[in-house]
Structures are given as structure tokens and as C-alpha cells.
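Knowing the structure of chain A, use the given hints to seat chain B on it.
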Amino acid sequence: MVNQNIEDDILLRVEGLKTYFFQRNAVLKAVDGVSFTVAQGEAVGLVGESGSGKTMTCLSLMRLVPQPGARIVEGEIWFKDENLLDITEHEMRAYRGHRMAIIMQDPQTSLNPVYSIGEQVAEPVRLHLKERGQQAMNRVLDALRAVRIPRPEQRLVQYPHQFSGGMRQRVVAAMGLTTQPELLIADEPTTSLDVTIQAQFLRLIRELQQDSGTSVIWVTHDLGIVAQMCDRVNVMYAGRIVESGRVRQIYKEPQHPYTRALLDSVPLMGARRDKLYQIDGQPPDLRSIPQGCPFWPRCPEAMDKCKEQYPPRTSLGGQDFVHCWLTEEGR
Amino acid sequence: MLKYIGFRIFQALLGLWFIATLVFILSRSIGDPAEVFTARNSGVDAREIMAAKLGLDRPVHEQYLKFLGQLVRLDLGDSVSNGIPVTQILVERMPATFTLGLVALIFALVFSLPLGVLGAVYRDSAIDWIAKVLAFLGQSMPPFWSGIMLIILFAVVWEMLPPAGKGGWTSYILPGFTLGWGVMAGMVRLVRSSMMDVLDSDYVVMARAKGLPEAVVIGKHALRNALLPVLTYSSLVLGAFMNGSVVVEQVFAWPGIGTSAVQSVVRRDFPVIQGVVIVFGSFFILINLFVDILYAVIDPRIKYTP
Chain A
1 MVNQNIEDDI LLRVEGLKTY FFQRNAVLKA VDGVSFTVAQ GEAVGLVGES GSGKTMTCLS
61 LMRLVPQPGA RIVEGEIWFK DENLLDITEH EMRAYRGHRM AIIMQDPQTS LNPVYSIGEQ
121 VAEPVRLHLK ERGQQAMNRV LDALRAVRIP RPEQRLVQYP HQFSGGMRQR VVAAMGLTTQ
181 PELLIADEPT TSLDVTIQAQ FLRLIRELQQ DSGTSVIWVT HDLGIVAQMC DRVNVMYAGR
241 IVESGRVRQI YKEPQHPYTR ALLDSVPLMG ARRDKLYQID GQPPDLRSIP QGCPFWPRCP
301 EAMDKCKEQY PPRTSLGGQD FVHCWLTEEG R
Chain B
1 MLKYIGFRIF QALLGLWFIA TLVFILSRSI GDPAEVFTAR NSGVDAREIM AAKLGLDRPV
61 HEQYLKFLGQ LVRLDLGDSV SNGIPVTQIL VERMPATFTL GLVALIFALV FSLPLGVLGA
121 VYRDSAIDWI AKVLAFLGQS MPPFWSGIML IILFAVVWEM LPPAGKGGWT SYILPGFTLG
181 WGVMAGMVRL VRSSMMDVLD SDYVVMARAK GLPEAVVIGK HALRNALLPV LTYSSLVLGA
241 FMNGSVVVEQ VFAWPGIGTS AVQSVVRRDF PVIQGVVIVF GSFFILINLF VDILYAVIDP
301 RIKYTP
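Top line first, the protein sequences correspond to chains A and B.
The letter at position 303 of the first sequence is residue 303 when you use the numbering used here, and the numbering goes up by one with no holes.
The letter at position 100 of the second sequence is residue 100 when you use the numbering used here, and the numbering goes up by one with no holes.
Here chain A stands alone, though its shape is the one from the complex (with noise of 0.2 angstroms):
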């Protein structure tokens, strides 16, 4: 195995991933090549609308694409200095739950109805770190303790239904973050919170984030999360990731017609504008993705070429890139 991560703090660089749909007669391509970095206690969001291959780049961080039917098919996940696309599911088990854990978008459904919470908490703790008993039960104790889950003691024996929508989504966190692990994966999991507990959860895990060092992936519709919780962000579109950058560059100069959009559709306190701007068309049917640049149907400064291929990567200083022609043509 090559040590390709060695030099540098880089903790997941994620090479070309394909993950397909295969269909009885149609592939879809949900994730078509994506390439990015997440450097230790970073924190990196993932951006674009419903149907832009977020959630299934998450999945295939973990290798826990729907079977059947999904299918990884290319690419290089490498953790640290191994790849995870070249190890065993054994060897893959030990990575999940224990050094990286997944945080999914509805906390109504994430948790097993017919178990405690402090049974599923436990799980990861007894399995990864080989606790047992009176020390896991502390442990646990501490995780919820860690979320701000009051009387820990008492809802520790308690079953999901008897959580509320925030307070569940704090457990599911602390199932991700008891045993520590090096990644984090938030996949949209503030979306169905509503908005002062979404406000509280999203401070709660910036402070966890910083105390523990862990690195986050945010995965994310909503570009003002992203300036709250991130250092770096990926604008995905399609199955790929069209613009890369630091936060505070891609909200000063974006690149990328959609991420401009994107950006001119968070509506801003105070701002007088009459009507709340939107991207105009629908995000493309992944069974029929237009040829070149999938976003030139609702580019408005689309050009001939557009339609025609696929623009390069181009180059912004230091790990910042765009795809796109505009960009391209303009150095």
C-alpha cells in the first residue's frame, strides 16, 4: 500500500469516487467522480440541492451503499494511509462506529424503536472499545452527559418514542462520538429540527468538534450552516463537485454560476429585496444528465461549449478549484 497521506495532516482524501444505480435499464450515476480532502480537525461541507449525490457520498465513505442495487464502481477512499476500497469487510467494520460515525438526516427514524437508549449507545462502546458493564454504562453516562441530555441516569432506560425530535438527534450523536472516532459524518441532520433547536445542535457539535479535534463533513442544503460550522466547502451538482474552496473565499468570490446562485438564494436578515431569489428548472434527472456541464440548462451565462463538454478543473491556489468554463476561458 502506498502512504500517500503521511507528509501532511490530511486525515480522508477521497480520489474519483463512482458510486452507480444499476437499474434494469438504466445506471445511474448518483456519485461521478468525486475528489476531496478533509484535513485532521477540519471541518468540510458538503453542498448542493436534493438529488445532487451528498448523501450517497457519505454512504460510500462508510461502504454502506443500498444493496442491492448501488454499487461502488471506482475510486479511492484513503483513511490516513490506507485505502478503504482495498480492505475486507472485516477490516471495514473496525473503521465504522469506531473511527468514523455517521450522524443521518431524521432522527425519527435513526434510532431502533424496540431498544433503549442506552442499549444503542453501548453498542459501539462495547463492541470497539471492549467495555463492559458498570465502565460502558459510564461511559454512555458521559456521552449524554457530552449532548446536554438532562437526567442522563433516568433516560438511559428510556425508548426513543419518548424523546422529542432534538433531544433524539443528541443521542444519535453520542452513539457517533462515545467511542471518539476521527471522522464525523453529519448528513443534513439539522433539517428536520426546527429552527432554534437546529440552533443549539449546531453550537453543540461546533463545541465537541473543537474540544475533541474531530473532523466533520457536513453535508448541507443550507450555505449559512455551512459559514457557521465549516472551514472548507464543496459545491456538489450532479454527482460531482463543481466548485471547491475556503469558506471565506467562496462567500467573497464565487466562481461557479451555481454556487453564486446558491449563495443568492439564502435570504439575508435586513437585506431589502423584493423577492426571494431562486435557481430557475429543476436539479437534473439522473437518468437523463445533459451532456457537458449538467448545470448549463439553468446557467444564465451558459455558452456554446457548455453544452458541449464537460469543463476541466481549474486551478484556484492551493486546494481550491472550479469547474467551469467562464473560469476557464477568462485565465
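Calculated from the structure, these hints are not laboratory results.
In this text, all values refer to a predicted model and were calculated from it rather than measured experimentally.
Cβ coordinates follow ideal geometry from the N, Cα and C atoms, glycine included.
Treat the hints with care, since some could be wrong.
As the list claims (entries may be wrong) - Estimated spans, in silico, between C-beta atoms of each pair: (1) A:T196 - B:R301: 21 to 31 angstroms; (2) B:V265 - A:G69: 49 to 59 angstroms; (3) B:L231 - A:R145: 32 to 42 angstroms; (4) A:A26 - B:L2: 47 to 57 angstroms; (5) B:E214 - A:R151: 29 to 39 angstroms; (6) A:T196 - B:W129: 50 to 60 angstroms; (7) B:L26 - A:D194: 52 to 62 angstroms; (8) A:R24 - B:G167: 49 to 59 angstroms; (9) B:S140 - A:D142: 53 to 63 angstroms; (10) A:S315 - B:R301: 50 to 60 angstroms; (11) A:E328 - B:K220: 51 to 61 angstroms; (12) B:K220 - A:R24: 30 to 40 angstroms; (13) B:E214 - A:P150: 52 to 62 angstroms.
To be verified - Short, incomplete list of chain A residues facing chain B, as computed with Cβ under 7 angstroms: (14) M62; (15) L64; (16) Q67; (17) R93; (18) G97; (19) H98; (20) I102; (21) M104; (22) S110; (23) N112; (24) P124; (25) L156; (26) V157; (27) Y159; (28) H161.
Chain B alone, transformed into the frame defined by chain A:
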């Protein structure tokens, strides 16, 4: 939890009372029991003596209270054909029917749980097809036919198992399988579809994301949720065993309640028929009670809601 169980027991008692009343009304609305019990050409005197013996000359409410009073003391009257107390007949025959039902349930569960689970986990594989074919056959073949076919094959042609009657443990295999097969068919389908729903759920993905081995993901996280609808179905199925036992016991000359039900119908032995209906009805209610309590144990979301 205790409140829930208490409420369910109360409901069950109410159900028992309802069945008893229904039997009382039915047995008096089909015709004059005294007429039924006496020989066709006997005179008015014989009918009146029979009516007095059965207490039919008393007012209806008095008859009803007496009937309930006897029922509480487990007195179901005497058989008209041989004078033996009905309770004694039923008590003698009940064990044979219940053990047969139990054997059938074990057959159904032993086949349907693994086949249903494996069918859902390995969709469209060989095992999935075997399960589908077995289920299809079980659901399409009536037990009086499949029973006879099994007798021909295993008892007559291969001479592996006894053809009929109740003897050693081998005599349970054919009737138990015949009775269980039809039920197993529905169960395989139910286990498979409910398992497939559960396998698609987020908490199963989360269980895998914790790094749990696949056996634990399926055996612990998925199965317990998938079993909830199966449990409900089992309670209905045990009722089907009662009906099925009437046919299957007849085919295999099994000395159970089903056989005495058929015999007493032929002999127009009213008290015995009443007794059989009450026993089957009570058994159905008790099974439902048991399953509801089990449900509350498995699923913490079930609470007492009147």
C-alpha cells in the same frame, strides 16, 4: 404495563362472556332443543320430559343464569348420545388437539422464520425461490388433500411414518406438518415482506454504521422489529389451527376435539357441540390475550390506551 395487562384480561373475560351468551342464544334459536334431542317419532310426552330434563320449561332468564352458573363451574351438561359429562369428553380430548396444534406451530415457525429472513436478506436467490414455492404450495393445497397425499407418500409408498392415529412421536409428524403447512405459507410471506421493510430502514443503516457484524444487525436490530406483525398474525393462525384441526384430525383419525366435533354433529349431540364451540372460542381469546401481552413485552411503544 400492569395496567395494560389488567385491562386486556378484563377484555378477555368480557369476550368469554360474549361467546357463552352467543352459544346460549344460538342453541335456542335454531329450533327446540327438546325436539332435536328426542327421536323423530316420539310423542309429546317424551318431548316434555326431555324439556324438563334440560330445564327448557323454565323462563328464559332463569335458563340463562343457570347456564352461566354451570359454565362457571365448568359444567357443560351431559352428552345426549352416551350420557358422559361433556367436560369429561373435552378434557380427555383436549391434550391431543393442543399438542397437535403446538407441533403444527413449531413446524410453521421452524420453516417460516429462517426462510422468510433469508429470503429477504438474499432476495431472488435460490433460497428465496424455495421459500416462494413452498409457500405457494402450502397456500394452494387444502389440508384434506395434502394430508392424504402425504399419507400415500410417507406411509404407504415409503413406509417411513405411521399413516394415522396417535402413538409415538413419529405419529405427530404427518398431521402436524399438514396442519402447519398452510399456516407456514402465509407466515413466510409475512416474515419476508416485513423483514424487507425493516432492512430498508435508517436504524438498520445506523446499526451497520456502528460496525456491528451483519448477523447482529439482522438478528438483533432487524428481526425484533420484523417480528411484530408476525406475532399478530400468529394469534390469528392459532385460530386457523382450531378450524384446521377439524379437518386434519378427521383425515388422520386423531383423537382430539376436532374429531368429537364432527362425531357430535353427525349424532346431533347438542351439548357436545356447544362445549366444542365454547372451548374453541375461549382458546382463541386466551391466545389473543397472550399475544397482546407478548406484544407489550417486545414493543416498548405499546401502552395502555382504553
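Indices of hints not satisfied (ascending): 13, 16, 25 and 26
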